[in-house]
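Novice: Kindly produce the complete structure, drawing on both the sequences and the hints.
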Amino acid sequence: MDVRLKVKRQDGTQPDSSHYDEYTVEMPEGATMLDALLQVRDYEDGGLALRYSCRSSICGSCAMRVNGRARLACKTKASDMANGDEPILVEPLGNMPVIKDLVTDMEVHWDKVRRITPWLENSGPEPEREHIVMHETMVDVSNALSCIQCGACVSDCTVLEVDKHFIGPAAFAKAYRFVGDPRDDTTMDRLKALSSAKGGIWDCTRCNICVEVCPKDIRPMDRIMQLREQVVNAGVEGGIGARHGTAFAGSVRRTGRLDEVRLLPESVGMFNAPRLLKELPGAFRMMRAGKLPWKDTLPLFSKPIAGIAHVRRLFDNARSEKKEAKR
Amino acid sequence: MRYAFWPGCVSKGACPELYESMILTSAKLGIELEELYDGNCTGAGVISEHEPELADALNARNFAMAQKMGLDLINICSTCQGVQSLVQEKLDRDEEYRAKINAQLAEEGLEYKPGLVIKNFMWVLAEDLGLDKLKEQVVRPLTGLRCGPFYGCYILRPSRILGMEEHPERDDYLEQIIAAVGAEAVEYEGKDKCCGFPILTNNRKNSLTQTGTHIHEAKNQGADCLVTPCPLCHLNLDAQQPSAAEVIERELNVPIIHLPQLIGLALGIDPDKLRMNRHVIGTQAVIDKVLAAVEA
Amino acid sequence: MTVFQHDVLVIGAGLAGMRAAIEAARNGADVALVTKLHPMRSHSGAAQGGINAALGEEDSWESHAFDTVKGSDYLADQDAVEIFAREAPGDIIELERMGTSFSRTEDGKIAQRPFGGAGFPRTCFIADITGQAILHVVYEQVLKLGITVYQEYFCTSLIVEDGEVRGVIAMPMITGDLAVMQGKAVIMATGGLGRVYAPTTNAIACTGDGMAISYMAGAPLQDMEFMQFHPTSLKDSGVLMTEGARGEGGYLLNSEGDRFMGKYAPNKFELASRDVVSRAEQTEINEGRGIDGCVLLDVRHLGEEKISERLWQIRELAIDLTNTDMVHEPVKVRPGAHYAMGGIKTDVDGAAPLPGLFAAGECANVSVHGSNRLGGNSLLDTIVFGRRAGVAAAAYVKQVASKSQISEAALAEDQNRIQQWMATKGSGGERPAVIRGEMGRMMREDLGIFRAREKLDSALAKIVELKGRFENVRLEDTGKVFNLDLLSIFELGGMLDVAHAMVAGALAREESRGAHTRLDFPERNDEKWLKHTVASRKEDGSPQLDYADVTMTKWEPEVRTY
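Protein chains in written order, with my numbering: chain F, 2 to 328; chain X, 4 to 299; chain H, 68 to 629.
FYI, nobody ran anything at the bench for these hints, they're computed from the structure. Worth double-checking, as some hints may not be accurate.
Stated by the list, open to error - In silico EDC-like pairs for lysine to aspartate or glutamate, Cα to Cα no more than 16 Å straight-line: (1) H:Lys373 / F:Glu137; (2) X:Lys93 / F:Asp223; (3) X:Lys103 / F:Glu322; (4) H:Lys373 / H:Asp359; (5) F:Lys9 / F:Asp22; (6) H:Lys211 / F:Asp185; (7) X:Lys208 / F:Glu280; (8) H:Lys176 / F:Glu137; (9) H:Lys534 / H:Asp607; (10) F:Lys324 / F:Glu267; (11) X:Lys103 / X:Glu114; (12) F:Lys193 / F:Glu238; (13) X:Lys208 / F:Asp164; (14) H:Lys302 / F:Glu30; (15) X:Lys103 / F:Asp317; (16) F:Lys199 / F:Asp112; (17) F:Lys279 / X:Glu249; (18) H:Lys492 / F:Glu45; (19) H:Lys492 / F:Asp43; (20) X:Lys222 / X:Glu187; (21) F:Lys324 / X:Glu56; (22) H:Lys492 / F:Asp46; (23) X:Lys292 / X:Glu187; (24) X:Lys71 / X:Glu110; (25) F:Lys78 / H:Glu383; (26) F:Lys304 / X:Asp41; (27) H:Lys211 / F:Asp112; (28) X:Lys208 / X:Glu252; (29) F:Lys7 / F:Glu87; (30) H:Lys176 / F:Glu129; (31) X:Lys15 / X:Asp41; (32) H:Lys211 / F:Glu122; (33) F:Lys78 / H:Glu124; (34) F:Lys323 / X:Glu56; (35) H:Lys547 / F:Asp12.
On a predicted model such as this, the values are computed, not experimentally measured, just so you know.
Specialist: Here is the structure:
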């Protein structure tokens, strides 16, 4: 089959040098994007720069954007990417500087990995032999650490697009690997740090992009949610992010529905005057537009649904079980 | 076509115009809605962060009520769709877990059985009603109106959970619907990205930068308005738009239309009845363009 | 001229390199890792099945050692094997304490699975991502210790002055400007050379660089003719399907649906050692009982649950690369070039005969694998001998006087090579991919599982021809930043040298032993050939072959059956 590629070329030292080159290569059916790009590099254009190594989705080198989405080139079939008359669009990963062509500078990511104390901390007396640990726990940890640090999620993360301080999906997944590991004895310190850090766990928007693009099914966002759950369960101060969750659940428990009017003050803090003042113009605008009817702004009037007793029982069930489990 | 209708909390709260336009538009399309008056909030993915099992039970309660009515479930919120699909996948996959959740529903006389069909209004238009049928009912083609589609994360991702293997065009329905009602879909980068709403309280700057950036891009591509099937996106895109404009230091002023409003306009429903006047960013320019097209 | 200075330079940041660096740092040396990749991209991460150690109460290090010696077809040095097997349990426990998430038994201890050629289930594992999981943890320790890492630095040559190693010349990919990296000791840990074959299970980066530059600098390579063919690699890509699939109970079937291994290894079946299984597969294929040049690996009877928990990576690879879901159908596999038993000759502390040079891991030959390595022993090799090399290098540098001045001549030679290649752009020379492709096919055909004089003669002629053509190789990219074209030419030059030593060794060894099967000399001949092949590079680039004795301690050679 003929594979047509449109590849973004760029010399990182010359920011204005970016342009696209088109190539057509003859490949066997089932060829991957990496096969096609290597064919280009070996026989068409020796100057094309890209990273690669294992060809089996384990080394994490060859992540790049194909048709606008981050993918591992060695795991992506060229035939699946073909889009009619258009060539397949190949670009470097996003959210990081380009060194040359498809090669990006991943230091921005490795720096974040260093921020999460990426090694097991255990100050206790060493066991005589191995630590005795439940098999299921090790499977959970292994699943999280089967992340190959390819950077696909970092590339497409929608929070990193607007905030370079965000620790990011892959580094959080790595953080979870230690929080979830019973052999680590700094769980509380880790949770505190992850919760209070600039760009910490509460800044994730839950947009699911990382889950979607991850070639290894690590579900980084779910790891972030597990971290949030652990922060709350451990009673660590979670700030506005954690209060938002509590207020949200409180609203549903009270009325069966979400009560946006009370959600904001309860999340940012009832007495957080500066922040509340910031929100006033917005609230005003909404009232004027008829979006927040006056009667609803007085919480006394928000009526619960008919089955509220059942809803509350579901809450009580879940919470008593949790207490039970803690004991 | 009859559905158990879950309107979501926002259409009953801060976006009453969504609820009212949905009622009118559906009636006109011949879609009958049996509202789940006693339904509860899906938790919007927030409750599941801290209390996943509770969130599953809350959603199973809604599912079981729809099943009791013998109807498929329809929603008008990308976030509701995302949460419902995720919970359903968990419940359908794991019999033991399902039994545990069902035990809690039993006292209310409810039981969830796997396989409920749960569809957002957008999916219903494309898959159940059909775009040809929709086209036939258009009396006021929205010729010349340039609409930026804005999906909302939870109706797109994770794609496997959202049935994209079976329905690979679910990430293109908005464009198809916009075309079916005679308008023109505008391509821009942010259409499938995050509106920023979930972190509005926690990180206002990031949230508003996201919202502002997407609106600005769409505007640059010549969009007259954005159309969204998600009221939570709407809240950030519309109600927060003036603040977002300040944060990104750009002039925006782009109306944000709910999907049922867009359909309603094309079906000839009076814009006032669709509550087009209940937006923070005025929609008059959109209405004028639509009416002008009819006269021309 | 950029100059970096450290006590110990470790070239390669896979498991052997990082383990060596950690130990050298713990022993007080100023260490730096120099790798042409990023440490996390190293090919150790692709090791799937496991790492051996006699942890079980009924198991013993002697049993592990015996299995290893038998697996080696008695070519391993038994003193080295004894150290290897004895120190294994301690190293596994240490890896566990560092944070390795070994799969567990029901009572929470490290679980062990059966592996080929082993008399006991002694392979520790993390699902089928063992290498990757350990690579993560060892890298974490590198970060914790703050060891300097020069990543994406390609070593172009070893600096030797007055008969001692003084450092390396390296090219940072990001700038392309050669740098002098001064070190009192250099530990080579660059891994394998699988890329001299096509296809191979090895990563594209496995081009034998460390062996090549050490050989070029005067260090001898040992037992290079022994190349392991892994019994289960995917047909076109050569990608690996772990031995764990058979360890967990998978079958090999021929086109008639027979579990043919019963004929070749009536006791061990699929879990005979790798040379035996690969030969059996190739025989089935050659005799017309193959399917598309392959046999079938069948794990369906293990059930979806076990496959998804313990073999999920290979299941995904088979789906991605061959559209085959192993839960529902068998996957086509064939023997694939996998592991170089040979390498830089070292003693049990990793020291090469060239003062200041150490080596560990696949690029070294201690020798514990002899003529055939057992599955699960290569990861262990990286950890045990990586650690030992780290200790030895740290001790060595303490005896070396102050850092000597390196003459600019060392750098100039490599700079000249680059300039000459740069001038070939637009010339009529051949592209490196063409020469590399011909070498790979030739190695597969003539230096494959079954070998014979005629083919080996033609292989020798071919390698000489390819070396001649390499003199006219053409470079196309003359830029400085991330010049992969230049990198591939450096790599190819080294591979041709190393392949030459492999072919020469195979041609000379007139017997069949382990992975080296001569159709014209089908028997093992202990009288004449129970000895190591030692290749030294002559001025003209061809290998000079000498032979060295095998160290025997406890185990006399016996007839080898499984």
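Novice: All hints, please: hold or fail.
Specialist: Right, here's what the structure says about each hint:
no.	hint	verdict
1	H:Lys373 / F:Glu137	holds (14 Å)
2	X:Lys93 / F:Asp223	holds (14 Å)
3	X:Lys103 / F:Glu322	holds (12 Å)
4	H:Lys373 / H:Asp359	violated (28 Å)
5	F:Lys9 / F:Asp22	holds (7 Å)
6	H:Lys211 / F:Asp185	holds (15 Å)
7	X:Lys208 / F:Glu280	holds (12 Å)
8	H:Lys176 / F:Glu137	holds (12 Å)
9	H:Lys534 / H:Asp607	holds (11 Å)
10	F:Lys324 / F:Glu267	violated (24 Å)
11	X:Lys103 / X:Glu114	holds (11 Å)
12	F:Lys193 / F:Glu238	holds (7 Å)
13	X:Lys208 / F:Asp164	holds (9 Å)
14	H:Lys302 / F:Glu30	holds (14 Å)
15	X:Lys103 / F:Asp317	holds (15 Å)
16	F:Lys199 / F:Asp112	holds (14 Å)
17	F:Lys279 / X:Glu249	holds (12 Å)
18	H:Lys492 / F:Glu45	holds (14 Å)
19	H:Lys492 / F:Asp43	holds (14 Å)
20	X:Lys222 / X:Glu187	holds (14 Å)
21	F:Lys324 / X:Glu56	holds (14 Å)
22	H:Lys492 / F:Asp46	holds (12 Å)
23	X:Lys292 / X:Glu187	holds (13 Å)
24	X:Lys71 / X:Glu110	holds (15 Å)
25	F:Lys78 / H:Glu383	holds (14 Å)
26	F:Lys304 / X:Asp41	holds (12 Å)
27	H:Lys211 / F:Asp112	holds (14 Å)
28	X:Lys208 / X:Glu252	holds (12 Å)
29	F:Lys7 / F:Glu87	holds (9 Å)
30	H:Lys176 / F:Glu129	holds (12 Å)
31	X:Lys15 / X:Asp41	holds (13 Å)
32	H:Lys211 / F:Glu122	holds (10 Å)
33	F:Lys78 / H:Glu124	violated (48 Å)
34	F:Lys323 / X:Glu56	holds (10 Å)
35	H:Lys547 / F:Asp12	holds (10 Å)
Going through the hint list in order, the structure does not satisfy hints 4, 10, 33.
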